[in-house]
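From first to last, the protein sequence lines stand for chains S and V. Just so it is clear: in the first sequence, position 138 is 138 by the working numbering, and no numbers are missing. Just so it is clear: in the second sequence, position 58 is 573 by the working numbering, and no numbers are missing.
Quick caveat, the hints were computed from the structure, so don't treat them as lab data. Backbone N, C-alpha and C fix where the C-beta goes; we use that ideal spot for every residue, glycine too. Misleading hints may appear alongside valid ones.
To be verified - Okay, derived cross-link-like pairs now, EDC-like style, lysine to aspartate or glutamate, Cα gap no bigger than 20 Å in a straight line:
| # | chain 1 | residue 1 | chain 2 | residue 2 |
| --- | --- | --- | --- | --- |
| 1 | S | K237 | V | E545 |
| 2 | S | K273 | V | E552 |
| 3 | V | K542 | S | D487 |
| 4 | S | K224 | V | E566 |
| 5 | S | K273 | V | E566 |
| 6 | V | K542 | V | E552 |
Unchecked claim - Rough simulated footprint, nothing fancy, chain S against chain V, three-plus residues with beta-carbon under 8 Å:
| # | segment |
| --- | --- |
| 7 | 527 to 534 |
| 8 | 542 to 553 |
| 9 | 558 to 566 |
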Amino acid sequence: MNLHAPLSMAITVVVYFAVVVALGLYASRGTKNLADYYIAGRSAPRWVAIISGSAAVMSGFGLVGLPGLAYAYGGVVFFLQVFAILGFSVAAFLVARKLRTLGEIKVAYTIPDAMALRYPSMPSVMRIVGILGLVVGMLGYLSVEFQALGVVLSSLLPVSYWGGVLIGTGIVAIYTIAGGIRAGIWTDLFQFSLEMLAGITVIITVFIVVGNPVHILSVLAQAKGTWAYHAAPWWPKGAAGLGVGAAIAWTFEFGLGHGGQPQLLTKYYVHRKASNTRYQALGNGITYSLAALMIFSGLGLAALTAQHRAPLLSNPDYAAPYFFIHYIPTWLSGIVFTALIAASMATVNGFSNIASAAITRDFMQGILHRQLTPRRGLMWGRIWTLVLLLIALWFTYSRSSLIGIAGTEAWGLLAAVFFPAVALGLNWRRGNSWGVVASGVIGVVGGTWVTVANWNPGGFFGIAIIMAASMVAYVLVSAVTRPERLDEAVAAVVEMGRSPRIPGPSETVVADPSS
Amino acid sequence: MPGLTVLILIILGWLVFNWVPGLWFLKHAEQSEGVMEAIIQRYRQQRIDEENRNNREEDGQ
Numbered sequence: 001m002n003l004h005a006p007l008s009m010a011i012t013v014v015v016y017f018a019v020v021v022a023l024g025l026y027a028s029r030g031t032k033n034l035a036d037y038y039i040a041g042r043s044a045p046r047w048v049a050i051i052s053g054s055a056a057v058m059s060g061f062g063l064v065g066l067p068g069l070a071y072a073y074g075g076v077v078f079f080l081q082v083f084a085i086l087g088f089s090v091a092a093f094l095v096a097r098k099l100r101t102l103g104e105i106k107v108a109y110t111i112p113d114a115m116a117l118r119y120p121s122m123p124s125v126m127r128i129v130g131i132l133g134l135v136v137g138m139l140g141y142l143s144v145e146f147q148a149l150g151v152v153l154s155s156l157l158p159v160s161y162w163g164g165v166l167i168g169t170g171i172v173a174i175y176t177i178a179g180g181i182r183a184g185i186w187t188d189l190f191q192f193s194l195e196m197l198a199g200i201t202v203i204i205t206v207f208i209v210v211g212n213p214v215h216i217l218s219v220l221a222q223a224k225g226t227w228a229y230h231a232a233p234w235w236p237k238g239a240a241g242l243g244v245g246a247a248i249a250w251t252f253e254f255g256l257g258h259g260g261q262p263q264l265l266t267k268y269y270v271h272r273k274a275s276n277t278r279y280q281a282l283g284n285g286i287t288y289s290l291a292a293l294m295i296f297s298g299l300g301l302a303a304l305t306a307q308h309r310a311p312l313l314s315n316p317d318y319a320a321p322y323f324f325i326h327y328i329p330t331w332l333s334g335i336v337f338t339a340l341i342a343a344s345m346a347t348v349n350g351f352s353n354i355a356s357a358a359i360t361r362d363f364m365q366g367i368l369h370r371q372l373t374p375r376r377g378l379m380w381g382r383i384w385t386l387v388l389l390l391i392a393l394w395f396t397y398s399r400s401s402l403i404g405i406a407g408t409e410a411w412g413l414l415a416a417v418f419f420p421a422v423a424l425g426l427n428w429r430r431g432n433s434w435g436v437v438a439s440g441v442i443g444v445v446g447g448t449w450v451t452v453a454n455w456n457p458g459g460f461f462g463i464a465i466i467m468a469a470s471m472v473a474y475v476l477v478s479a480v481t482r483p484e485r486l487d488e489a490v491a492a493v494v495e496m497g498r499s500p501r502i503p504g505p506s507e508t509v510v511a512d513p514s515s
Numbered sequence: 516m517p518g519l520t521v522l523i524l525i526i527l528g529w530l531v532f533n534w535v536p537g538l539w540f541l542k543h544a545e546q547s548e549g550v551m552e553a554i555i556q557r558y559r560q561q562r563i564d565e566e567n568r569n570n571r572e573e574d575g576q
């Protein structure tokens with residue numbers, strides 16, 4: 001759907017592509033081994049690491065998909081966005097310091113690495129659960145990002161939806177394959193700065209063009225048809241929209257789910273100093289909030305459409321691009337429009353990195369015990385990154401739902417697999433590998449089924465039920481099976497924060513290799 | 516002044532969902548930093564030794 005953008009915007013986007021690729025290739029010069037490729041050699045400055053975490057979460061799902069949902073369904077979407085801000089603090093409290101400390105005292109580059117260390121009785125099984133969760137979740141998440149790239153680029157450039165998908169993917173593939181996460185975190189800094197600028201620009205423009213939020217809601221409340229539901233906290237029962245079930249499901253999924261998002265958790269590893277994670281909650285919340293103001297583009301456009309000041313869009317996902325092209329001054333719109341592309345590209349980079357790490361490090365090295373030289377390890381990392389991007393492209397063909405809904409499902413699936421294993425496991429000593437197996441099976445199998453079958457009982461997102469079920473299964477199965485015998489150092493990390501001192505060697509039991 | 520009311524609500528919401536837990540986490544992290552640093556000091560050598568061993572094995576190939 002070409003939205004007839006001015007030529008200057010298209011030129012700005014082309015320049016942006018060149019800057020991102022150059023920045024990525026420049027940053028990739030320091031990538032010499034797998035530690036550089038996957039955790040940037042644990043050398044990222046505080047705010048670079050924090051902003052990179054915000055960029056990993058604020059994807060095309062948030063920047064393109066959520067304005068689309070706000071345009072289609074209105075205020076109910078705020079349940080997702082507001083609780084997503086709180087979720088950063090929950091994840092920081094449960095995971096950030098412990099995971100970074102684990103990365104300091106053990107060789108841990110990936111989330112499956114952390115799982116294998118935390119559950120030493122079945123390290124290979126833990127890696128398999130982690131790899132399956134990452135690859136299945138990645139396919140869902142990347143297809144969302146590819147959809148967003150297709151929507152954004154086809155609204156701007158004289159290309160089809162699939163042309164947009166391929167151009168965007170090709171560019172992000174160049175710097176991801178070349179530089180891994182080191183390239184990613186520096187391009188994230190640049191890209192997320194654009195996203196924050198875009199959020200601020202949108203809220204100012206909405207105030208000028210449409211009015212303050214109360215005016216927007218009163219316009220929608222007085223409008224005819226289903227537009228009135230946009231002003232309510234959720235759609236009434238019986239209306240074909242998002243009701244109270246969706247609001248509750250989002251509150252749960254996004255209030256807790258960050259602790260199970262590997263694209264965010266991996267960024268905790270890259271901090272130069274473990275103590276820098278103390279700013280994680282505050283920093284992620286502030287930066288994410290600014291970019292999240294983008295949601296007002298969808299709500300503002302809904303009010304304009306209800307007033308017959310804008311045409312009705314056949315595909316709500318085009319709400320944010322439409323708003324940018326038609327309401328933001330041309331001199332600024334090109335720059336902030338690139339934020340829509342940046343959001344997807346940053347997430348594609350982060351996800352393809354961690355999924356390729358899962359296969360290279362956790363499967364080839366951890367399970368098959370293949371010894372890889374730094375050069376061969378890098379080569380395999382790059383090959384798997386390319387292969388995974390191609391598989392995700394193919395998977396995108398089969399999707400047809402709105403970006404925001406598809407993103408909700410992918411987010412929930414990842415949280416169902418990783419929240420119990422990582423967020424609960426790093427804080428509850430009793431959690432064990434059987435609990436991870438139970439929650440992992442529910443997350444991967446149940447999450448896939450819910451996504452494919454589109455199971456949303458009573459308007460409640462089925463994936464939130466899967467997430468809750470996986471947590472319950474982890475706790476119950478762990479409680480009735482043998483406790484894990486932890487390595488002394490790992491036990492000290494799990495107990496960190498609960499005890500004012502480090503448990504001594506006599507208080508812990510070294511893992512029994514025969515168990 | 517409904518606009519001002521909404522602005523106040525937004526700022527309060529931001530305080531409750533971002534600044535309150537964020538600052539609480541910052542304080543909590545500062546208080547327990549001694550334990551974290553002690554853990555790192557005690558066990559970091561394990562990781563360095565293992566990484567050096569891995570690098571030697573890889574170089575030997």
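Numbers of the earlier hints that this structure fails to satisfy, in rising order: 1, 3, 4
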